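Chemist: So the protein sequences, as listed, match chains A and B.
This note's numbering numbers the first residue of the first sequence as 1 and each following residue consecutively.
This note's numbering numbers the first residue of the second sequence as 1001 and each following residue consecutively.
Just so you know, these hints were derived from the structure itself, not from any lab.
Incorrect hints may appear among the rest.
[What the hints assert, rightly or not] Output of the computed footprint for chain A on chain B, the stretches with three or more beta carbons under 8 Å from beta carbons of chain A:
hint	segment
1	1129-1141
2	1200-1207
3	1327-1339
4	1361-1372
[To be verified] The following label-pair restraints were derived from C-beta to C-beta distances:
hint	chain 1	residue 1	chain 2	residue 2	range
5	B	K1194	A	R38	55 to 61 Å
6	A	E91	B	D1401	19 to 25 Å
7	A	A191	B	D1063	56 to 62 Å
8	A	A124	B	S1399	54 to 60 Å
Keep in mind the model is a prediction, meaning the values are calculated, not measured.
Ideal Cβ placement from N, Cα and C applies to all residues, glycine included.
2 protein chains.
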Amino acid sequence: MVILVAANCDRFKAVFPCRGGRAAAMSEGMKSHRAISRRAAKVAPFLAMDVMREARQRLAAGDDVVRMEVGQPFGQAPRKVLEAARAAMREEPLGYTDAAGLLPLRERIARHYRETHGIDVDPARVFITTGSSGAFLLAFLAAFDAGDAVGLPNPGYPAYRNIFHALGITPRLLPAGAAQGWAPRVEEVAAKLKEGMKGLLVASPANPTGAIIDDARLRALIETVEAAGGWFISDEIYHGLTYERPATTALAFSERAIVINSFSKYYAMTGWRIGWMVLPDELRRVAEVLGQNLFISAPTISQHAAIAAFDATEELQERRAGYAANRDLLLNELPRIGLGALAPADGAFYLYADVSHLTNDSITLSRRLLREARVAVTSGLDFDPLDGGRFLRLSYAGSHDDMARAVERLAAWMKENA
Amino acid sequence: MVILVAANCDRFKAVFPCRGGRAAAMSEGMKSHRAISRRAAKVAPFLAMDVMREARQRLAAGDDVVRMEVGQPFGQAPRKVLEAARAAMREEPLGYTDAAGLLPLRERIARHYRETHGIDVDPARVFITTGSSGAFLLAFLAAFDAGDAVGLPNPGYPAYRNIFHALGITPRLLPAGAAQGWAPRVEEVAAKLKEGMKGLLVASPANPTGAIIDDARLRALIETVEAAGGWFISDEIYHGLTYERPATTALAFSERAIVINSFSKYYAMTGWRIGWMVLPDELRRVAEVLGQNLFISAPTISQHAAIAAFDATEELQERRAGYAANRDLLLNELPRIGLGALAPADGAFYLYADVSHLTNDSITLSRRLLREARVAVTSGLDFDPLDGGRFLRLSYAGSHDDMARAVERLAAWMKENA
């Protein structure tokens, strides 16, 4: 544990000497940077993005790096999306939209729930956001006050926890590892609610594990949270990217759940910064008021383009088949080269590998893999501040060739070093 | 005053019965909507956007409304911007960028400060944001903690105050009306800093008044705030839209000021949601870390397109000449029809009209003007929660024909009703 904290400190010294030792941060870090807010000092860098920056710099310098560090589909958005964006530039003034977004997009998303999940959603409950990032900010502000404790699975997407810190919400990390079946246990959630926890956020499929929460557990989690008067937030950004069985939306079990989704992953529109929420009726107006003030509206060209994303099924299913082939390759090959302790990988495009037989300092390991094996991966510490030093996350959203090259390089590196 | 509160209540009853009476809001509003956070309940609707929605609905229903309600340039972004967006779609994958944005755009903005203001800015200090909205959120979070008091001019852009409420920052409204020369007085700022105020945000040219702060006052405000160890934030979103004399950037007087700007107004790119900050060195890394977590990055197509905005000078200057002609028309005609008590209007594209000879309930007045005169304008209560009931804001960012029609309609309405 001491080693992990030390590893952490190394990464954060650019901003503040050590997040492990808060007293040290207050006395040392705050002295030289006294004017940075205390809440900002609690927000940890998103390591995957720092690795992405270094990988880009190396690529720009002519170094041939295989990129498995960031959750980003390779290449461009679907052709129909690009066509719709071009048409919007010809035909629309592209000014601000209503805070909740263009009605045709909201209606198209409602239709998607009917067609894909058999669930009726009033378009008035659909709120268009600037990526899922914008949705998190609005949902957390609408539902939680500073000082509220809210449950998060550990491991989990680091921005949840970091946005919480920025907004004064206390993240209550709930074990969601192999021992818990890769999702928070219902009993633990119930106990924390009794202690005053105000809500729970889960993702299924999850980042970084890929795990899908089975229907019985999902329903039980929702019912437990809502019975206690808390908010259940369901991050469904990896819906559509499933390989064994589909994932169920929280809307199947509740009209009060806050559902967050995005066009970034399945629809391959990361840089377009466009996502959505389905809100319970009682949060519609407050989300609109917050959105007017915090965002004005989501990018207009992206809103027009996103409508066409639902017509790009063929291209998107091809893409999904590509991820599935990548996944098969890695699930076959990684165990052979000594990287076999993997989380379920039911969906999304990540493998979460237990590398505790190699190190408990996965930051140094990821740095060495980038520099020595020319494969960019992410330390588990992004996703799990407690045990993440024993894990790596590998994204297989790249091309199949890239995955094959990554396996080769990792095999050679492991042979030499492990 | 009671009347204004009542008028306010009317607008807010959709979410919470009355923002004027906090006790009432807690007992009534919170009973039926108990699960909305207390901080969200403090955030007031942005009236201009509600008016915009109604104006749009009326237009869609075939009603011929002249739109002066929203600060939005008419028509489309410059041709070169659209060309650059098309090229980016052909040539770039449009995935996430670094949190601080594309280097060529950051370099181009730095060059803009050299060419336009004669000031050297290191591109590393330029941070690309999702509109100025994104910049506010990052700057406020980086610089201020919950509980900090920060000064804002009153009247002023309502989102400042509302984002403050969302983030737990206390807005310290500083009189900035006719009696103060349309900007906070230095003595008052100094006094509030002594009481513990942590910073000051001003805009020049300002929304809703159009007032430019003269150099001597701007320098004195900055020096006063920084001498007290506070943060000076300069909203320069209306730079470029000035009609009598240019506006000076805060960077001329300080390397520690936080400067916020955007492509929305002068560059006519509202719906593209793209802006920037120039940050002091000590905030660079913390802004990056916050940006990674809260936004990931600004819309990529907009970043590529914005680079070309600096080459669209001819088109943009034509546009500015159009606003100047609109401004001349209104400054000549409005006094003749009884709407003459106007704030300076040195820049931006707003007129702020004192209508206290007509009403102290400008919400009802704006609603009547929309329905009876078919001219959409905004109540001053968006910008000034204390005296805004006696003011209207009229945006002249529309076409010249629209402005002429607005004058005709307002003249006829005034003749009949005032």
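Chemist: Take the hints in turn and mark each one as holding or not.
Modeler: Right, here's what the structure says about each hint:
no.: 1; hint: 1129-1141; in the structure: holds (count 6)
no.: 2; hint: 1200-1207; in the structure: violated (count 0)
no.: 3; hint: 1327-1339; in the structure: violated (count 0)
no.: 4; hint: 1361-1372; in the structure: violated (count 0)
no.: 5; hint: B/K1194 <-> A/R38: 55 to 61 Å; in the structure: violated, 22 Å
no.: 6; hint: A/E91 <-> B/D1401: 19 to 25 Å; in the structure: holds, 21 Å
no.: 7; hint: A/A191 <-> B/D1063: 56 to 62 Å; in the structure: holds, 57 Å
no.: 8; hint: A/A124 <-> B/S1399: 54 to 60 Å; in the structure: violated, 32 Å
Comparing the model with each numbered hint stated earlier shows that hints 2, 3, 4, 5, 8 do not hold.
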